[in-house]
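With mature numbering (1 follows the signal peptide of the UniProt record, and there is no 0) applied, the sequence shown corresponds to residues -35 to -1, 1 to 153, in that order.
Bear in mind the hints are in silico, worked out from the structure with no lab data behind them.
Hints should not be assumed to be uniformly reliable.
Said to hold, decoys possible - Listed next, the in silico DSS-like pairs over lysine-lysine satisfying Cα-Cα at most 27 Å (straight line): (1) Lys96 - Lys122; (2) Lys142 - Lys122; (3) Lys153 - Lys122; (4) Lys18 - Lys122.
As the list claims (entries may be wrong) - Between beta-carbon pairs, the in silico distance windows are: (5) Asp138 - Thr21: 17 to 27 Å; (6) Ser120 - Arg97: 33 to 43 Å; (7) Ser16 - Pro71: 47 to 57 Å; (8) Leu104 - Asp138: 35 to 45 Å; (9) Asn19 - Asn88: 18 to 28 Å; (10) Asp45 - Asn103: 16 to 26 Å; (11) Asp138 - Gly109: 30 to 40 Å; (12) Gln100 - Leu20: 30 to 40 Å; (13) Ser136 - Arg97: 18 to 28 Å.
Backbone N, C-alpha and C fix where the C-beta goes; we use that ideal spot for every residue, glycine too.
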Amino acid sequence: MKHVKKVSRRTRVVTGGALVAAVTLGGFGAWSASATSSAPAAQAAVKADASNKNLTQSTRLTVDAASRAAQAALDAARKDNQRVSVAVVDRDGNTVVTLRGDGAGPQSYESAVKKAYTAVSWNAPTSELAKRLEQAPNLKDIPGTLFLAGGAPVSAKGAPIAGVGVAGAPSGDLDEKYAQAGVAALNK
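Please model the complete structure; the sequences and the hints are all you need to start from.
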């Protein structure tokens, strides 16, 4: 059995006091960080509204709509007995929904996301973009993109708002057919 050195009363009092001070100051810091401020920046944020000419608004798919598009693409692939992954990204390329179909290959998930990102970035189907590589081969070097058929953009008033990407079928033409089925589901 080890011998434990007894700590003096003075050391215990000093250590306890330091602990109480740290907890109190930490609590005060958390409280003050969450307190409302009357600083000019906070007041300016309150005045920002839709009629402010310094702001823009963007249209985004709801999670329900993105889920509906992804499910429609996956269902179209299942109907043809294809094992694919589907991704829907927003205008900024952030993934909103992904579905990995039963038996889809491990590479299909990342490929679907990249195809969706590529489609929304250029507001064009990735099959068309793949043809552009002939004139501009360096396009393929842009991070996060994949210039293979299987991505379809979603537009509102002519502007891209999302992308649907499908990967895993034996051809990009099939992947893109399923991605288009996902986009079509948004118009129903």
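Now for the hints, and whether the structure bears them out:
1. Lys96 - Lys122: The given pair, whose Cα atoms are some 25 Å apart, holds under the 27 Å limit.
2. Lys142 - Lys122: Distance ~23 Å between Lys142 and Lys122 Cα, so the pair holds.
3. Lys153 - Lys122: Roughly 17 Å separates the two Cα atoms, so the pair holds.
4. Lys18 - Lys122: 20 Å, holds
5. Asp138 - Thr21: 17 to 27 Å: 37 Å, violated
6. Ser120 - Arg97: 33 to 43 Å: 18 Å, violated
7. Ser16 - Pro71: 47 to 57 Å: 49 Å, holds
8. Leu104 - Asp138: 35 to 45 Å: 20 Å, violated
9. Asn19 - Asn88: 18 to 28 Å: 26 Å Cβ-Cβ, so the 18 to 28 Å window holds.
10. Asp45 - Asn103: 16 to 26 Å: For Asn103 against Asp45, whose Cβ atoms are near 35 Å apart, the range 16 to 26 Å is violated.
11. Asp138 - Gly109: 30 to 40 Å: 23 Å, violated
12. Gln100 - Leu20: 30 to 40 Å: 37 Å, holds
13. Ser136 - Arg97: 18 to 28 Å: 19 Å, holds
Hints 5, 6, 8, 10 and 11, counting from the list given before, are not met by this structure.
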